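Q: Sequence positions in the sequence shown follow the working numbering and run 1 to 128.
Rather than coming from a laboratory, the hints here were simulated on the basis of the structure. Mixed in with the good hints there might be a few duds.
[What the hints assert, rightly or not] Within a straight-line C-alpha distance of at most 27 Å, the following computed DSS-like cross-link-like pairs (lysine-lysine) qualify: (1) K43 - K24; (2) K43 - K63; (3) K63 - K118; (4) K43 - K108; (5) K63 - K49; (6) K47 - K24; (7) K24 - K63; (8) K82 - K47; (9) K47 - K118; (10) K118 - K43; (11) K121 - K82; (12) K24 - K49; (13) K118 - K82; (14) K47 - K108; (15) K82 - K63; (16) K118 - K24; (17) K118 - K108; (18) K121 - K47; (19) K121 - K43; (20) K47 - K63; (21) K118 - K49; (22) K82 - K108; (23) K108 - K121; (24) K49 - K108.
Computed from a predicted structure; not experimentally measured.
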Amino acid sequence: MTNNAFIAILLGCGSYDISSFFEKLDRYEDTVFAEDYEFSYQKLIEKVKEDYGEEYDIDSFNKELDLMAIESALDQAESSDKFEELVWNGLNGCYNASNNFFGFDNEKELREFGEWDKFSKLLSLVAW
Numbered sequence: 001m002t003n004n005a006f007i008a009i010l011l012g013c014g015s016y017d018i019s020s021f022f023e024k025l026d027r028y029e030d031t032v033f034a035e036d037y038e039f040s041y042q043k044l045i046e047k048v049k050e051d052y053g054e055e056y057d058i059d060s061f062n063k064e065l066d067l068m069a070i071e072s073a074l075d076q077a078e079s080s081d082k083f084e085e086l087v088w089n090g091l092n093g094c095y096n097a098s099n100n101f102f103g104f105d106n107e108k109e110l111r112e113f114g115e116w117d118k119f120s121k122l123l124s125l126v127a128w
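Given only the sequences and the hints, what does the whole structure look like? Please build it.
A: Written out as structure tokens, the structure is:
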């Protein structure tokens with residue numbers, strides 16, 4: 001049994017879902033978490049357990065990972081309070097195993113801020 005298959009059994013999902021999660025984690029480690037010395041796997045696990053208790057699954061890990069990446073990108077982009085407020089108010093996402101993503105309902109408004117460029121590059125955001 002591979003490690004991904006073992007983890008998939010624990011989280012009640014498929015091994016492809018686990019592979020997708022680790023691909024996202026790798027991308028974030030190369031971008032937004034590369035300069036974030038506060039990020040750790042342990043911190044991710046703690047946040048998931050704190051927010052979901054014993055009822056966590058792969059979607060919980062994907063969502064928390066995205067939220068941690070957004071928080072880190074906001075800090076690194078030295079975002080204004082108004083920009084941060086708009087980010088959190090416009091955030092939406094879909095989390096269904098390996099099919100997960102997030103975006104912003106107010107992206108057009110966010111693009112008007114100077115910090116958008118750094119923020120979006122750290123998260124590798126693409127325009128839809």
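Q: If a hint holds in the structure, say so; if it doesn't, say that too.
A: Hint check results:
| no. | hint | verdict |
| --- | --- | --- |
| 1 | K43 - K24 | 17 Å, holds |
| 2 | K43 - K63 | 14 Å, holds |
| 3 | K63 - K118 | 21 Å, holds |
| 4 | K43 - K108 | 32 Å, violated |
| 5 | K63 - K49 | 13 Å, holds |
| 6 | K47 - K24 | 17 Å, holds |
| 7 | K24 - K63 | 11 Å, holds |
| 8 | K82 - K47 | 25 Å, holds |
| 9 | K47 - K118 | 25 Å, holds |
| 10 | K118 - K43 | 24 Å, holds |
| 11 | K121 - K82 | 19 Å, holds |
| 12 | K24 - K49 | 20 Å, holds |
| 13 | K118 - K82 | 16 Å, holds |
| 14 | K47 - K108 | 30 Å, violated |
| 15 | K82 - K63 | 23 Å, holds |
| 16 | K118 - K24 | 19 Å, holds |
| 17 | K118 - K108 | 16 Å, holds |
| 18 | K121 - K47 | 24 Å, holds |
| 19 | K121 - K43 | 23 Å, holds |
| 20 | K47 - K63 | 11 Å, holds |
| 21 | K118 - K49 | 30 Å, violated |
| 22 | K82 - K108 | 15 Å, holds |
| 23 | K108 - K121 | 16 Å, holds |
| 24 | K49 - K108 | 34 Å, violated |
Of the hints listed earlier, those the structure fails to meet are numbers 4, 14, 21, 24, in rising order.
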